[in-house]
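K.L.:
If you read the sequences in order, they're chains G and E. My numbering applies: residue 1 is where the first sequence begins, and numbers increase by one. My numbering applies: residue 1 is where the second sequence begins, and numbers increase by one.
Check before you lean on any hint, since a few could be wrong.
Rough simulated footprint, nothing fancy, chain E against chain G, three-plus residues with beta-carbon under 8 Å [what the hints assert, rightly or not]: (1) 80–91; (2) 97–105; (3) 124–135; (4) 139–149; (5) 231–244; (6) 282–294.
If you want the footprint, here are the derived chain E segments under chain G, 3+ residues with CB under 8 Å [claimed, not checked]: (7) 87–95; (8) 132–140.
Simulated from the structure, these hints should not be mistaken for lab results. Ideal Cβ positions, reconstructed from N, Cα and C, are used throughout, including at glycine.
The chain contents come next:
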Amino acid sequence: MSASLRIARATGAVASLPARAIEPLMAGLQKAIGIKKMPWFFLLPNLLAVILFSLLPVFVNIFYSFTGSDRLYPSQRPFIGTYNYETLLDCGNYLDPSTCSRDLFWRALGNSLVFVPTQVAAMIGIALLTAICLNGNIRGRGFFRGVFFFPVMLSPVVVALTWQWILQRTGVLNGILTNLGFEPVNWLVYANSAFFWSVFVTVWAHMGFYTIILLAGLQAIPRDVYEAAKMDSASHWRAFTRITLPLLKPVLLVVFILAVIRSVQTFDELYVLTGGGPGSATLLMVQYIYEIGFAVQPRNFGLAAAASLLLGIVLLIFTLVQLRISRGSSNG
Amino acid sequence: MADLSLASSTGGVRNMLLGRRGRGRLHISDVLTYGYLLLGVLVMFAPVIWVVLSSFKTSAALQEFPPTLLPYSTEQVVVEGYEGTLPLFDVITESGDVVQLAQIRRVGLNAQMVDPTDPEAGRIVVPVANATPVREIHFAVENYVQLLASSGSEIWRFVFNSLFITVAATIITLIMNSMAAFALSKYRFRGDSLALVAILSTLMIPATVVLVPTYLIVAQLGLVNNLWGVILPTVATPTGVFLLRQYMLTIPDELIEAARMDHASEWRIFWRIILPLSSPALAVVAIFSILSRWNDFLLPLVVLNRREVFTLQLALASYQDENVVRYEQLLAMTTLTALPLAFAFIFLQRYITSGIASTGIK
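Let the sequences and hints guide you as you build the complete structure.
P.N.:
As structure tokens, this is what we get:
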């Protein structure tokens with residue numbers, strides 16, 4: 001707590017200079033508009049920013065998705081109806097992306113459909129195992145917790161460059177393999193191994209985040225429940241499935257929703273690590289949106305907007321269904 | 001980090017001594033737990049340590065395969081009559097003795113060498129197979145010096161851009177979020193719940209989904225290739241408002257009533273009473289704002305296209321696209337970019353983890 005006091009004191013000292021100049025101004029404002037309007041004054045900056053950069057964009061996005069051309073400004077964009085959606089969904093055979101008019105969209109979608117379940121399952125499995133280990137009677141819990149958590153603080157670019165350096169043809173992983181008598185592998189050049197490492201690296205970078213949430217959930221489970229189970233000579237496994245999992249369920253649900261939403265939006269790490277390659281083997285939805293909207297000329301804002309709206313709708317439905325399930329189970 | 005863990009682990013040690021399992025007997029599950037945790041230390045730490053060690057290698061050492069753990073470099077000597085320095089080799093002569101010779105050049109499977117103690121003796125031709133470089137541990141600090149000090153070095157501009165965005169966005173976030181939280185926790189007015197719902201509903205709108213229109217609005221404001229173009233879209237964080245509002249609800253209203261009795265203006269109440277009392281929550285919001293803004297990538301990638309407005313992250317990612325990747329500088333820059341956060345983490349770990357555990361924000 002002393003750290004927070006120090007931070008508060010320091011910010012207080014710096015803030016007091018302009019504050020002294022502002023106070024009479026604000027008192028004058030209050031006199032002018034009346035005390036009843038003051039809450040709106042306090043609310044206004046944040047509300048404006050929310051409207052301008054979060055709510056308005058949703059509607060602009062819908063507008064974009066129904067207009068064409070590579071022009072950015074809405075007044076210059078002709079209305080083309082559902083053409084963007086039609087081209088996105090236009091497919092000869094939905095199981096074969098190469099028959100679609102926007103084959104990369106379907107490849108990105110297909111990759112995401114494999115990537116998200118794999119990554120979320122691995123993420124939650126490993127995070128739960130780690131949290132359980134950290135929740136035991138161990139020495140140096142703070143140290144170990146820090147070890148698993150610190151990659152969360154690293155920037156995605158740093159994470160990707162770190163692993164690229166390790167995985168490259170002449171990297172240390174191949175060095176170790178060579179010393180053990182194996183052939184070196186060009187990890188990021190083959191589709192399957194690049195996909196595996198994409199999952200691995202993103203789990204490595206983010207599992208600490210979920211471990212912390214799960215650990216807090218585990219610590220909230222009262223110890224005497226386990227003592228009682230011990231009295232009844234319940235096995236470890238039985239205690240885990242009958243006590244830990246049911247009591248952890250609300251936390252697990254939050255972790256699950258967060259993990260899925262973030263997994264669907266994975267972009268930064270893979271953009272630097274694999275660039276979506278080899279070919280389009282690790283191209284996920286957000287990178288597809290970025291590519292068609294910003295990287296490839298001419299920029300196709302309408303198509304990018306349509307794709308991102310489809311993504312947003314999927315996320316929204318997913319979240320609502322999960323919340324409904326959780327509410328249903330907590331009532332019942 | 002050891003210092004921090006000490007305080008929290010004393011409880012753990014006491015549990016260990018008095019607990020059920022702790023009486024000298026090591027249960028199989030303890031062995032598995034420690035085994036898993038130690039494996040975790042290896043997998044989580046080793047990659048980062050590897051990058052830091054690599055950043056101290058010379059560019060020649062970086063090209064070696066298989067790579068060495070520590071940064072070695074071949075010892076260099078100055079030999080009379082030759083320009084610059086020459087690498088030193090241990091050479092096994094035909095008679096089986098080992099002598100140290102400096103290599104002038106390599107031709108196919110043979111190398112031309114010279115005895116540094118006796119350069120007059122002339123060139124000696126040695127098969128490469130008989131020569132091994134004389135190596136010493138050498139931390140190539142010059143990678144960092146070149147990166148930071150060379151004239152025309154752009155890195156300070158990137159550092160400035162990143163710092164400016166982080167600091168400005170965090171200050172604005174703190175002020176705006178706490179003002180909104182104050183209005184939504186300490187006043188009852190028409191439309192207050194609607195405003196709260198409007199702000200919190202943006203939790204459901206991922207930034208990636210509204211990337212195109214956000215870019216449009218930034219462009220309309222004339223802020224493309226301007227640092228403010230990546231600051232403004234990020235400042236109205238719903239989680240910050242939520243966290244601060246929940247905290248301010250716990251501050252007793254009597255304090256405000258008393259201040260009103262003393263004719264304090266509403267702003268004065270906010271600035272002098274509510275803000276100082278909310279400092280723990282402000283600290284959490286500040287830490288997360290700093291973390292996210294320092295690490296931001298997608299929005300800067302879209303909004304900032306000119307090199308002079310690049311952030312550290314953009315610059316780092318862009319080095320890859322260059323024709324000749326200078327790994328020694330790339331690695332040094334990677335290390336430097338991660339460094340401030342490593343320090344922040346060591347000092348603020350408890351705040352960060354408790355913040356995540358209670359709100360699930362990042």
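K.L.:
Against each hint, give a clear statement of whether it holds in the structure.
P.N.:
Against the structure, the hints come out as follows:
1. Restraint check on the region 80–91 of chain G versus chain E: 0 residues with Cβ-Cβ distances below 8 Å, three needed, restraint violated.
2. Beta-carbon proximity to chain E at under 8 Å applies to 0 residues in the region 97–105 of chain G; the threshold of 3 is not reached and the given coverage is violated.
3. For the region 124–135 of chain G, the stated coverage by chain E is satisfied: 4 residues place a CB nearer than 8 Å to a CB of that chain, which reaches the threshold of 3.
4. With a cut-off of 8 Å between beta carbons, the region 139–149 of chain G has 11 residues touching chain E; three or more are needed, and the interface restraint holds.
5. Check on the region 231–244 of chain G: 1 of its residues sit with their Cβ under 8 Å from a Cβ of chain E, so the three-residue criterion for coverage is violated.
6. With a threshold of 8 Å between beta carbons, the proposed coverage of the region 282–294 of chain G by chain E holds, since 5 of its residues qualify and at least three are required.
7. A count of 0 residues in the region 87–95 of chain E with a Cβ less than 8 Å from any Cβ of chain G is obtained; the coverage claim is therefore unmet, three being the minimum.
8. Only residues whose C-beta sits within less than 8 Å of a C-beta in chain G count toward coverage, and the region 132–140 of chain E has 0 of them, not enough to reach three; the restraint is violated.
Of the hints listed earlier, those the structure fails to meet are numbers 1, 2, 5, 7 and 8, in rising order.
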